[in-house]
Amino acid sequence: MTHPFSLSTHIRETVTDGMTILSVKTNDSLMTVVGSFHAGRMYDTAHHGAVALLTARMLGESTQMRTKKELHDTLEGMGASVSFDSDTARGRFVASGLATDMHTILALVGEMVREPRFDPDELAVMKTRVSAEILAESDDPRAIGRMLLARTLFPLGHPHHIVLPAVLSETIGHVTVDDVRTFHRAMYGRGDMILVGGGAIRHDEFVEKCRYVFEGMPIQPILSENDSIVSLHEGRRFVHEHMPKKETASVYIGHALSLSPTDPVFDALSVGIHVLGGGIFANRLNKEIREKRGLTYHIRSSIVGYQGKLHGYWFSLAMFPERVYAEGVARMLYETDIIATRGITAKELTEKKDELLGRFLTQFDNRSGLPSFVLSAYEQGVPLIHIDAYPERISTMTVPRVNDAFATHLCPEQSVIASAGDISLLARNAVQKEYVRIKKESKKA
Amino acid sequence: MPTVTHHSRTKSTKKKSSSAPVSVPGFVHVRTLGGVDEYLFKKNGLRVLLKRETFAPVATVMVTYLVGSVNEHTGQTGLAHMLEHMMFKESANFRRKDKRDINELLDKKGARLNASTWVDRTNYYETVALPFLEDAIALEADRMRHAIFDAKELASEMTVVRNEYEITRNSPERILSTDMHAAAFQAHPYHHPTIGWLSDITSYTVEKLVDFYDTYYRPDNAVVSVVGDIDPATTLRFIKTYFGVHAKSKRPIPVVLSEEPVQEGERRVSIVRPGTYDILSFMWKKPPAMHPDIPALIVLASMLGGGHASVLFRALVDTGLASDVSVSAYPFRYESGFEIMVTLAPGVAHPTVETIVMQTIDVIKKGEITETDIVRAQNMLKTAYASEAGSTASFSDMLCEAIAGGDWSLAFTIPKRIATVTREDVLTVARTYISDATKTVGQYHGQS
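From first to last, the protein sequence lines are chains A and B. Convert by adding 1155 to the 1-based position in the first sequence; the result is the number in our numbering. Convert by adding 6 to the 1-based position in the second sequence; the result is the number in our numbering.
Source of the hints: derived by calculation from the structure; they are not laboratory data. Bear in mind the structure is a predicted one, so any value in this text is a computation, not a measurement. Cβ atoms here follow ideal geometry from the backbone N, Cα and C, with glycine treated the same way.
Listed next, the in silico PhoX-like pairs over lysine-lysine satisfying Cα-Cα at most 25 Å (straight line):
1. Lys1447/A / Lys158/B
2. Lys105/B / Lys1508/A
3. Lys158/B / Lys1442/A
4. Lys1502/A / Lys103/B
5. Lys445/B / Lys372/B
6. Lys1224/A / Lys372/B
7. Lys114/B / Lys1442/A
8. Lys158/B / Lys1599/A
9. Lys1502/A / Lys114/B
10. Lys1223/A / Lys388/B
11. Lys371/B / Lys1224/A
12. Lys1442/A / Lys1502/A
13. Lys1447/A / Lys114/B
14. Lys105/B / Lys1442/A
15. Lys48/B / Lys246/B
Chain A residues, not near chain B, derived (Cβ > 12 Å throughout):
16. Arg1167
17. Gly1173
18. Thr1200
19. Gln1219
20. Met1220
21. Asp1240
22. Val1322
23. Asp1334
24. Phe1421
25. Ser1425
26. His1466
27. Ile1499
28. Ala1544
29. Met1552
30. His1564
31. Glu1568
Full structure from sequences and hints, please.
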C-alpha cells in the first residue's frame, strides 16, 4: 500500500521569539488554535497540581481590561470559544471560531494569557467548581481505576503520581490568589510556548498575529524535567478501590516504561502492545476475552503518559462485573504473560503493519483535530519529520525487534493490577486460582 | 466475492471538493444541497448520498437504517441494538472460515469502523484509506441482506451487551436520563432506553432477531452515504455492483403507531444511590425534527446553556451553585424532550437550583431577552455546525442524524433557518413548550 499523504506538506512552522508557531492549512471555515506552556502539575508538586490546575482554569475568567462577562460576550458574540486546562506537564488552551475572526480571537486569547485579573471572588467560585468536578470524577470506576494505577505505579512527587481525589480537593481549598499569580508569572510565558493553528488561515498572517499578541510576555528558560524513570514493583501488585453499586469494575493492568518516543525500541514495543490490545477488533485481548468468551464489552491496551522528556507507561483496560471478574482478570494476565514470553507471530506483524499504516492515513480525516495532534507531537519532542517517517519505520519492523522489545521492556510479572468497582473480596481472591486453571487448561489444549 | 480494487482518481477532479452530479445507469439524481448529491437506485429503492472532500486520501462509508429503539415493543426492548452487535458476526460473503472476518477485515487495514444504535436509527460506518473503499461498500452491502445468525454466537454476544448495559448503570447521568424518559413518555416507545431493559436483553432469540432484520434491513429502508476523496461515478458503480444484488422488499415497514398522550401535570423522578454528587434534570415535550419550531427551540437551548455567556451558566456555574449545565433541544423524528441537566456543586440543595432555573425561564418567557442574546446563540450554533464539517466521519454523522430526524436535508435547512430565527420566535416557543403542565423533574442524590 502506498502512502501519498505527507503531514509536513500541509504544515508550516516558524520558530520565533521563544515560540514555536505552526499552522495546518485546510479549507475549513472553522479555525482552531491550540497552545501550550510548561505549566502542568509536575511543576506544582507541593500542591499536588492544584495551583497548576486552578491557574489554567482562571485564565478563562476576567482579565485586567475586561470582566469575564465582557470577555465571553465578545467571544461568544462571534460564536467563538476559548478554554484552558492543564495536565501532567502542560497548561493548554483551545480556541475556536470562524477563520474570518482569527485576529479578534487571537487578540483575546493573548489578553487572557498575558493579563489575567485573578479576582479573589472568581477564584473562590472556581475552587468550588473544580472540587465539584473532582467529586464527579470520583463516581466513575474508570477514572478511579486509572488514578489508582498511576498512584501505585509512581511514587508521591513523581509527575505521573495522582493523589487521592479527597486530598486534591482539600488542597484546592487552601490555594490563594497569590499562589495562582506566582505560578502564572513563573510558568506562562514564551520560551517553550507552542502554538498550532488550523483552518482557512494564512501562515504568515497567523505568525505575525501570534508574535504581536504574545509580545511582552517574559521569555522563560526551557525547563528540564527530572528523571522520570521509576523502578518496577517486585512481583505483581493488586490494588482495589471499593465503589458500592458500581456493578462493573474497571480493571487496569500495566507498568512504567523506560523508553522515549524517539527510541527505535519504542516503535517495536508500540507495535507489540497493538497486537496485544490495540486497534478496534483485531487484537488478542479482544478476540480471546470479548469475541470468544463474551466476558466484557470493552477491552484495549495503550501506551500513555509521554510528554516532553517524561517517560510513560502501558496498560490494558477492561470492564468486568462480579460474575466474571476473576476469569476476566486472569485471562488478561494470561494473555499478557503469553505475549511477553512467546512474542508475536510473523502473520500478526504483517497484519498489524497494514492496520497501522492504514490508520496513519485515516487519522488525518479529522481536520479539526489536526492542531491538537501536531501540538501533542511537539510536546512529546517528536518532530514532523518523525511523524512523516512513521510509515517507513513501521514497514521495516521485524518480528525479532518486537519480541526483543517485549523481552526487555514488558514485565507482566512486575505489573500492577488496579481495579475499581463493587467487587467482593471473594471474587478478587479467586483471580489467582482462575489464572492457574486457565494455564492448565491451555496446556491441555 | 468482492475483491480489493485500487481506486483511481482523475487528475482534473483531484483538488475540487464538489462536482456536478454524475450519470450512472440505474441511478437517478434526486437533488443537490450543501455539496451533497442524492441519488436513488431505482431497482430496489436504495438512497445514496455522495460528498467529495479531498484533504486526505480517505473516505467514510456509512449505512443508516431507519430503525432504532423506537421500533421495538415491550418484551423485545434493545433488540435493534442487539442486532447491531450481531451484524459483526458473519454474512454470506464474509465468513471466518474464508478468512474474511467482518470484525477484522477492515480493522486490519486501519479503518476506523463501528456502528451505533439510537432511538430513530442504526448506523454502520468505516473511515477507510481509499484503496479499501470498495471493500467497505461490499461489506455493508453483504450484511444488509445476507447476515448469518447463530444461537451460540447470540448467547456469547448477549453477555457482552449485558456488560455494556451494566457499564451504563455506572453513570448517574445515564441512570437519571433513563428514568426521566420512562416518566415523561408513557405510551410512545421513547419510554425505554435504546440498550433495552435487562430482562429483555437476556431473552432474545435468533427467531426474534431474524424477524426484526428481515423487517427493517432492506435497501428501501436505508441510506448509503460516502464522503471523502472519492470519484462519484466510480463510487456509484461500486454501490450498484454490491447493493444492486438486493431485490426490493415486499414486506411492509411497520409504522410507529403509539402517540404520546398530552401530559396534564408535572411529573417527578427521584433516585438515591451511593455516589459523590447530585444532579437535577428537567424535561419538557418538544415537537418532531421536521416541525418549523425546532430551529427556534435550538436557539432557546443555546441561549440557556450554550457557552459561558449563556443565562443558566451565569446563573448557576458563575455563582458556584453548579459545576456544569447542559441544555438540549436535539431534534428527533417524533415528539421528544427539551432537556436541562445541572450537576450541583457540593452542599447545594436541589430545590435551590430548581427555583433559579424556573425563575430564569420565567424571566425569558416574560420577554426579558435581547437581540444580542439571540445573535450570540445563533453564532455559537453556526460554529458548532461548521465544526461538524471537520472530518468525513463527522460530516457523515451529521447526515445520519438528519436522516433519522426525517430527511437528510435537515442537516442544512435547520442551520439555515436558525440564522433567521427572531426574538419573537424564541419567545413564542418558550411560552408554547416550556410549561409546568408538561414538565418532568428529576433529582439524582448521590449519597456517601
